[in-house]
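**Student:** Spelled out, the chains give:
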Amino acid sequence: MNLSTPETILSIQDLHASVEDQQILYGVNLLIKEGEIHAIMGRNGSGKSTLSKVIAGHPAYKVLSGSINFKGTNILELAPEERARVGIFLGFQYPVEIPGVSNLEFLRVATNSRRKELLKNELDTFEFEDLVKERLKIVEMDPAFLERSVNEGFSGGEKKRNEILQMALLEPVISILDETDSGLDIDALRIVASGINKLSHPNSATILITHYQRLLNEITPDFVHIMADGKIIKTGNKELAIDLEKSGYDFIDKNTKDKELAK
Amino acid sequence: MNQTNTVEEIVSQPYKYGFITDIETEKIPKGLNEDVIKLISKKKKEPEFLLKFRLRAYEQWLRMKEPDWSGLNYSKVDYQNLVYYAAPKQDIKKKSLDEVDPKLLETFDKLGIPLSEQKRLSNVAVDAVFDSVSIATTYKEKLAEHGVIFCSISEAINEYPDLIEKYMGTVVPINDNFFAALNSAVFSDGSFVFIPKGIECPMELSSYFRINSGDTGQFERTLIIAEESSSVSYLEGCTAPMFDTNTLHAAVVELVALDNASIKYSTVQNWYAGNEKGIGGIYNFVTKRGECRGKKSKISWSQVETGSAITWKYPSCILQGDNSIGEFYSIALTNNFQKADTGTKMIHIGKNTKSKIVSKGISAGKSKNSYRGLVSISPSAEGSRNYSQCDSMLIGDNASANTYPYIQSKQPQSNIEHEASTCRISEDQLFYLQSRGIDFEESVSMLISGFCSDVFNELPMEFASEADKLLALKLEGSVG
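As given, the protein sequences belong to chains D and W, one line each in that order.
Okay, so the first sequence: first residue is 1 according to our numbering, each after it adds one.
Okay, so the second sequence: first residue is 1 according to our numbering, each after it adds one.
Quick caveat, the hints were computed from the structure, so don't treat them as lab data.
Possibly wrong hints are sitting among the right ones.
Derived, one-sided and incomplete: chain W residues facing chain D with beta-carbon distance under 8 angstroms [to be verified]:
id	residue
1	385
2	450
3	453
Note that beta-carbon positions come from the ideal geometry of N, C-alpha and C, so glycine has one too.
Here chain D stands alone, though its shape is the one from the complex (with noise of 0.2 angstroms):
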C-alpha cells in the first residue's frame, strides 16, 4: 500500500439539511482521509449532531441539497443500515434503550450483518461470545453487560462504553463518535478513549464530536473543526481546541466579526 497518498474516506460538499423542516445546516464542506482524526466542536445547536444523523442517514433529517461520498460513492440514497454494513458507524451520544432485546444478540446479528458484506463468516452463538469476550477487554466492560437488555438500565458511563464495544465488533472505516465524552468521570472517560485509539487504524478514520478539550487530551486529532450555525467556521490544528478551551466561542465570535469588519 502506498502510504504517501492516502485514499478518501468521507467527502461532504455543500451540505444542507433540515429536520421537521427547520433548516439546520447551511452548507457543511469536510474532507476526511484514511488514518485522520478529526474534532469537530462548537456550541449547543450549532449542527453538530445534526451532521452525524445525516452521515448515518436518520430518516427524521432531511438532506435539502449537497453530497455526501463514501470512498467515492453517493450514500444519500442508501438506508441506514446499509451506511453501517459498509463501514460508517455513529457513536451516540444518548444511546437508546431497548428493553427486551437481549445485548448479545442485537451484538451478534448486528456483527454478522457487517461480517456478510465483509465476506467473512457469520459467527454462531459460540464463535461469538469468543469474539466477544476476546473486545470486551478493550473497553473494560463486565461480560454480565452482555445478559442485559440493550442498554437498559446502562448508567450514562456504561452505555458509552457499549457504544465503543459495538465500534470495536463492528470494525468500521469511519466512526463519528457524538460527545462520547459526555457524561462520563475522568476514569471512565480514559477507559473510553483508550478503547478509541486503541480501535484507530492506517485504513479507518475518526470524527470525535466534543465540547471539551480534556477528550482531546487523551486522543490528539489531526484537525478541528468549529461549527457554527449549521456551517463548520474554522478549521484547524489541535492547537485550535486549545485556544478555544482558553478563551472560550467567543473569540470565534470575535474572529468572524473581525472578518466581515475587514471585508
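Fit chain W to the given chain D structure using the hints.
**Tutor:** Structure of chain W alone, referenced to chain D:
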C-alpha cells in the same frame, strides 16, 4: 419513506396454513336439536351420564341469549346452519399410526407437527385433533408408565368415565355462559390429561387443533387434572384453512389443581384471521378456566394469540386453596380487521393467594385489541396480592388498543397493583438498530419481540422459539 406503511406491510404477511386437506369427511346434517345431540353421543358411543350432561346443557342453552356486552361487532352465527360433527372417514380411532390415513399425517407434517415415530418431536407428546376427532396421540405408552393419562377426551369418556363424571363441568358449569353451554351440549373432541399424585409429568404435553371443513363448528373440550403434588406443562396450537365464511370455534377448557399441584397451560393460537378486507376468519369464542382447588397449588396460563377474526376469551383462575397462585401471560397481535378482546379473571378466595397478570397487545391495520380483566378479592382472601401489567403497542394510525381492568376488593388486607402503558414503535429505537446494520424488517421484529419478551420467557422452552417464529411469520423476517 413512509415508515408506518412499511411496518404495516411487514405485519401483513400471507397466512401459511390456509390449505385444505382433500379427504373424505363424514358429516352429520346441518342444524342443532336434541336428535343431533343424541346422534353425536351415539357416534362417540358415550355412556348415559354424558348424554344427560349434553342434554341438560342444551336445555340451558336454549334459554340463554348470545352475549353482546363486549362491543365486538360481528355477523351473528346461524346456529342451525352449522355442522356439529365432522370427521375424516376412518371412524374408529386407529391403534397404530400406520393405520392413519397418510393424507392426515401429511397434513400435520405440513403444519410442522410430525406424528410418525421417526420424525416426531423427541420430548413432546402430541394429541392431534382434526375437525371433530382426535386422530392420534403420541407417546401414550411411555406416559402410562408414569401413570399419566394423555388421550382424547372421547377416549377418556369411555375408558375413565369416573374421572370425567367427577370433574367435567365442575370448573366451567354447563350454564356458565352461552358458548360454554353450547360447547357442553355438542363438544366433539379435545384432550384429557390426568397426572396422578406426586408425579411430575416427564414430557411436555401438546394438543394440536386443525379445522378443515368450512361449515363445521369446532367445539373442543379439554380437561386437565393434576392431583396432589403433581405437575404438568401443556400446550395447544391451532390453525385452519382460509374460507371466506366465518367458522365458529367455541372451546371449553377446565383445569383442576389439587394441593401443591402445578399446571402450566400455554396456547399458540393461529386460526385463520380473515383476509385484508376482513372477510372470513375464525370466531374464537372460548371459555378457559382453572381452579386452584388445593393449598399451594398453581395455575399459569400463557397465550400467544395471533389468529382468528375475533378472539373473545379470558383464561381465568379461581384461587380457592390457601396460598395458591394464578398467573396469566398474554401476547395478542391483531392486524387488518381482527378484533381481540382478551384478558383474565383472577378470583381470590383462599388466604394469601397471589396472582400476576402480564398482557402485551400489539395492534396494526384497522384492528381492535382490548385487554379486559377482573381481579376480585373475596372477604375470605386475607393477605392476597395481585400485580397486573398491561402494555399496548400501536402500529399505524388506524389501530386501537383499550384496557379495561376491573378491580373488586372486599378484603382490606389485600394488595393490588396495576400498571398500564401504550406505546408506538419508537423511531429512535428503530434507527439505533438499523444504524448497526440490522435491516428494517428485522429491527421491527426485534423490537416487537423485545416488547413481548416478558411473556416469551414464560412459554415452555420448546415452544418459545415456535411462538417467536409465529410472530416473525406474521411480521416476516427472522427474530433473534
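**Student:** Does each hint fit the structure? Answer for all of them.
**Tutor:** Structure-based check of all given hints:
Hint status for residue 385(W): violated, given a least beta-carbon distance of 24 angstroms to chain D, over 8 angstroms. A least Cβ separation of about 3 angstroms between residue 450(W) and chain D falls short of the 8 angstroms threshold, and the interface hint therefore holds. For residue 453(W), the shortest C-beta to C-beta distance to chain D is roughly 3 angstroms, which falls under 8 angstroms, so the interface hint holds.
When held up to the earlier numbered hints, the structure conflicts with hint 1 and nothing else.
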